[in-house]
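Engineer: One-letter residues, chain by chain:
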Amino acid sequence: MIVQTQVGVGVLALPYDLHVIARQDGWISLLISGVILQIVLIALWLVAKMFPQKDFYQLNTELFTKWGGKIVSFLYVLYFIAVGMLILLLFGRMISMWVLPNTPFWVLTLLLISVGVYLANSGLVVIARFYTMVSGLLLILFLLMLYSMKEMNVMYLLPVWEAGTGKIMKGVQEATLSFFGFFIILILYSRVEGKANEKLRTILYAHWFTLFFYLFAVIVSYTFFSTEEMKVVPEPLLYMLKSFEFPLVARIDLFFISIWMVSVATSYTTYLYISGLGLKSIFNTKKAAMFNWIVGGASFIIAIFIGFDMDILEKMKSLTVNAGYGFSIFFPFILLAFSFIIRKFKKTGGAAE
Amino acid sequence: MGFFKRLFFGDHKRLHDRQLSDNAEEVKYPSSTKLEDNVNYLLEEFHNSSDLKVRIMKKGNSALIYFESLVDKGKLYDSIFTPLEEGKIEGVNDIPIAKVTYNLEEAIDSLLRGHAVHMEDGSRLISQFAVTASFNRAVDEPINERIVRGAHSGFVENLLININLIRKRIEHRDLTVKYYKFGKYTDTNVALIYVEGIADPELLAEVDRRLISISSDMVHSPGYVGEFIEDNTFSPFPQMLNTERPDRVVGNLMEGRVAIMSEGSPTTLIAPSTFFMFYQAPDDYNMRWWAGTFIRLIRLTSFIIAVGLPAFYIAIVSFHFEVIPDDLVLQVKSSINNIAYPPILEALVMVVIIELIREAGIRLPQPIGQTIGIVGGLVIGDAVVRAGLVSNLMIIVVALTAIASFVVPSNEFSTILRLLTFPLIVLAGTLGFIGIIFGFLMILVHLTKLESFGTPYLSPVAPLTIKDLKDTFIRVPIYMMKERPKDSRAIKKEAQGESREWKHNEQSTQFTKPKTDDLPGASSSGSDGEVN
Chain A
1 MIVQTQVGVG VLALPYDLHV IARQDGWISL LISGVILQIV LIALWLVAKM
51 FPQKDFYQLN TELFTKWGGK IVSFLYVLYF IAVGMLILLL FGRMISMWVL
101 PNTPFWVLTL LLISVGVYLA NSGLVVIARF YTMVSGLLLI LFLLMLYSMK
151 EMNVMYLLPV WEAGTGKIMK GVQEATLSFF GFFIILILYS RVEGKANEKL
201 RTILYAHWFT LFFYLFAVIV SYTFFSTEEM KVVPEPLLYM LKSFEFPLVA
251 RIDLFFISIW MVSVATSYTT YLYISGLGLK SIFNTKKAAM FNWIVGGASF
301 IIAIFIGFDM DILEKMKSLT VNAGYGFSIF FPFILLAFSF IIRKFKKTGG
351 AAE
Chain B
354 MGFFKRLFFG DHKRLHDRQL SDNAEEVKYP SSTKLEDNVN YLLEEFHNSS
404 DLKVRIMKKG NSALIYFESL VDKGKLYDSI FTPLEEGKIE GVNDIPIAKV
454 TYNLEEAIDS LLRGHAVHME DGSRLISQFA VTASFNRAVD EPINERIVRG
504 AHSGFVENLL ININLIRKRI EHRDLTVKYY KFGKYTDTNV ALIYVEGIAD
554 PELLAEVDRR LISISSDMVH SPGYVGEFIE DNTFSPFPQM LNTERPDRVV
604 GNLMEGRVAI MSEGSPTTLI APSTFFMFYQ APDDYNMRWW AGTFIRLIRL
654 TSFIIAVGLP AFYIAIVSFH FEVIPDDLVL QVKSSINNIA YPPILEALVM
704 VVIIELIREA GIRLPQPIGQ TIGIVGGLVI GDAVVRAGLV SNLMIIVVAL
754 TAIASFVVPS NEFSTILRLL TFPLIVLAGT LGFIGIIFGF LMILVHLTKL
804 ESFGTPYLSP VAPLTIKDLK DTFIRVPIYM MKERPKDSRA IKKEAQGESR
854 EWKHNEQSTQ FTKPKTDDLP GASSSGSDGE VN
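The listed protein sequences correspond, in order, to chains A and B. Sequential numbering of the first sequence, starting at 1, is according to the numbering used here. Sequential numbering of the second sequence, starting at 354, is according to the numbering used here.
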């Protein structure tokens, strides 16, 4: 499930974004960021382990008093909605660029939102089942990429470390973005059955799978296009697949996009679900479905408003990204510290009694 | 027939016993000692219906009442009149098979069931004789679920015969039948059948709870029962498998599911059912397992073809022409170039025409039905292409779709498949591949969401139970299906032990003596498997 959330919009554009910064050493950045995030993941796991009964939003109220917790939760909901919006916008842009140039933007977003709301309303169990089922599709994406390996040229990866450490570290920042989905483990932790260690194992497996998947995508596209070519192709995977022709079908990239859309839909649904869940716990009601509709409707309106405006899109992207750093990377450590303190406090309190 | 008769009588008696004990506490309309009052009461209750016969005997001292439309005259004479005439016995009360009551309401019930009722002046005793006439057809193979190899018997309209067919196949004390009475007017007997000790008690309680809440004037077919108790009535997908095959019912009972049958219909409902159950056929288990797997894969592919092929075609020709390889582009283009209408209109028209032909063919008598098929399929199909209304590629696509939808072993499911084609065609016509993907996503989400009596509809795929995939996409050899599938929620997990132990024994004992001929399975797979 985490895998599905992570592999979202990112996978298509990631190689390019990485390349802009770190040139052919982008894959090193990716690897480093994967390792760093592992630490964050473990931190998250530690927090979640301490409060196994509570989901993230309840945890907030626990740690930062009632209103403080609600404010924090609300900020998070806003952040999740923003990420969801970003997915919507990127998706709309991608589809209109590659497949349906003449279709109005609102139709595409409406489709995605309706699927998302429908799925999010069915509850976590159904979402999880659905994700497990469609993760089989990743295999197809994987095979398609595997096919293109026959054209690869490892020489393009050389010379290693050419970009320099500073550039690579900048690439790390960029790469971290694509992993932001991991945050949902904190929210879903309490709702999944199993032992703490098993859960950690699952989380790490999922993380490494995603990392591997990205790495594969990046390496394949780097080796397919030369360093100079990479500068001009914003979605290298698609361009790469476009060049192939199978005896049965000519444009394999269209199929790639179709399958990729499923990934996007699932990752959008996750954000929709968790923001709906957050609103639900902020307002203390049981009507999650209503909030899903509200979130969906709100993002629809804003998405139409923004439309294909690249400037706003870029601004929003960078805003979300920066917020993402705060929310997904630094905050877990704050959480961890807080929960340690509170735990100690409680322990001493308990001893005093 | 003697056997059936015994079964009949036996079961009716049991029903009676239950009712007797139910009514023992308070008798609403006790019979009177005056014969006239009793007879008048009965006549009045039946509104002097013309087929209610009152036969006065013993010079007006006793009366035999029955519905001439319900009783078997032969039985009536054999069991009542002949013994009396021959003077073997003193009176009607000495006839051994009589059951007695003092309740006129019960007499009404038993009259409606086709019994004859005998009353005597000066006595409150009412004797009832089971002389019901039943008209049954033979237990022929159901025409909508034919198979090549395996049992060829099917259910009939008589509930007792149907239960008999099941009991003959499961001769075990744990096979349990529970009767329910539904329909205030029709008073239909509905039987809930399960195997105690395999079926989940929670499931039984749930089915029972839902069945009891049925309140309707008429329950005349399993379709009624189905719509009353299924989880989601707005879903296009049937959530209970219905079948007319005893072997299929027995197989499912032994997996821990329950069967619901009703009097007057050969169709049996099976719950809980999953999506993949609709794609299993009894044939699969009679073939070599390679062949069974192959055919099952073909069936599952047919799901995708039936739902998605027209949409896919439309998406390609109207949006993504670039998907077609270079060598094919010219042919495709030339075939659709001269068509005046957009592909989506073409497809909708053709799909509707196929539905028309099918529907017309079903209702008409066999010979005319075939004529319709030929006229509709061949003549119209050919003419429509020549007239330039529809491209010949579209004909191929639509015909393939229709055929694929008929591959599903369940009739109602195939109708649903063809129904689902329409929204996908519209989506493909407006949004191309994107539309199709979203359509499929919606269907998939819906399927994942759907539950049948607490069992996820798409299990064992979502939630994934790898062990249970042995009987969905593939069919592994039967001796490997050691455990019951999880989706039926059977409480007894193990279904069979080591059934091929002999092979190990053989190898170990005859180790020193090599055999020349092959072991079974090594050589015969080819020839047997190709029967179909």
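Please note that a few of the clues may not be correct.
Which residues of chain A face chain B? A partial, calculated answer using Cβ under 10 Å [what the hints assert, rightly or not]:
1. Ile95
2. Met97
3. Trp106
4. Leu112
5. Leu119
6. Asn121
7. Ser122
8. Ile127
9. Ile252
10. Leu254
11. Phe255
12. Ile294
13. Gly297
14. Phe300
15. Ser318
Quick caveat, the hints were computed from the structure, so don't treat them as lab data. By construction, the Cβ of each residue, glycine as well, lies at the ideal position given by its N, Cα and C atoms.
Engineer: Next, verify each hint and record whether it holds.
Structural biologist: Status of each hint after checking the structure:
The interface hint given for isoleucine 95(A) holds, since its Cβ lies 6 Å from the closest Cβ of chain B, which is under the 10 Å cut-off. The interface hint given for methionine 97(A) is broken, as the beta carbon of that residue sits about 13 Å from the closest beta carbon of chain B, more than 10 Å. Interface restraint check: tryptophan 106(A) against chain B, minimum CB-CB distance 13 Å, threshold 10 Å, status violated. Here the hint on leucine 112(A) is kept, as its CB sits about 8 Å from the closest CB of chain B, short of 10 Å.
Interface hint at leucine 119(A): satisfied, since its Cβ lies 5 Å from the closest Cβ of chain B, which is below the 10 Å cut-off. Annotation: interface hint on asparagine 121(A) holds; nearest CB of chain B at approximately 9 Å, less than 10 Å. Of the supplied interface hints, the one on serine 122(A) holds, with its beta-carbon coming within about 4 Å of a beta-carbon of chain B, less than 10 Å. With 10 Å as the threshold, the beta carbon of isoleucine 127(A) comes within range of chain B, its nearest partner Cβ sitting at about 9 Å, so the hint holds.
Of the supplied interface hints, the one on isoleucine 252(A) holds, with its beta-carbon coming within about 9 Å of a beta-carbon of chain B, less than 10 Å. Here the hint on leucine 254(A) is kept, as its CB sits about 6 Å from the closest CB of chain B, short of 10 Å. Hint status for phenylalanine 255(A) relative to chain B: holds, with the closest Cβ pair at about 8 Å, below 10 Å. Interface restraint check for isoleucine 294(A): the shortest CB-CB distance to chain B comes to about 20 Å, outside 10 Å, so the restraint is violated.
Hint status for glycine 297(A): violated, given a least beta-carbon distance of 18 Å to chain B, over 10 Å. The restraint placing phenylalanine 300(A) at the interface with chain B is violated, with a minimum CB-CB distance near 15 Å, outside the 10 Å limit. At its closest, the beta carbon of serine 318(A) sits 28 Å from a beta carbon of chain B; the interface hint therefore is violated under the 10 Å criterion.
In this structure, the earlier hints numbered 2, 3, 12, 13, 14 and 15 are contradicted, and the remaining ones agree with it.
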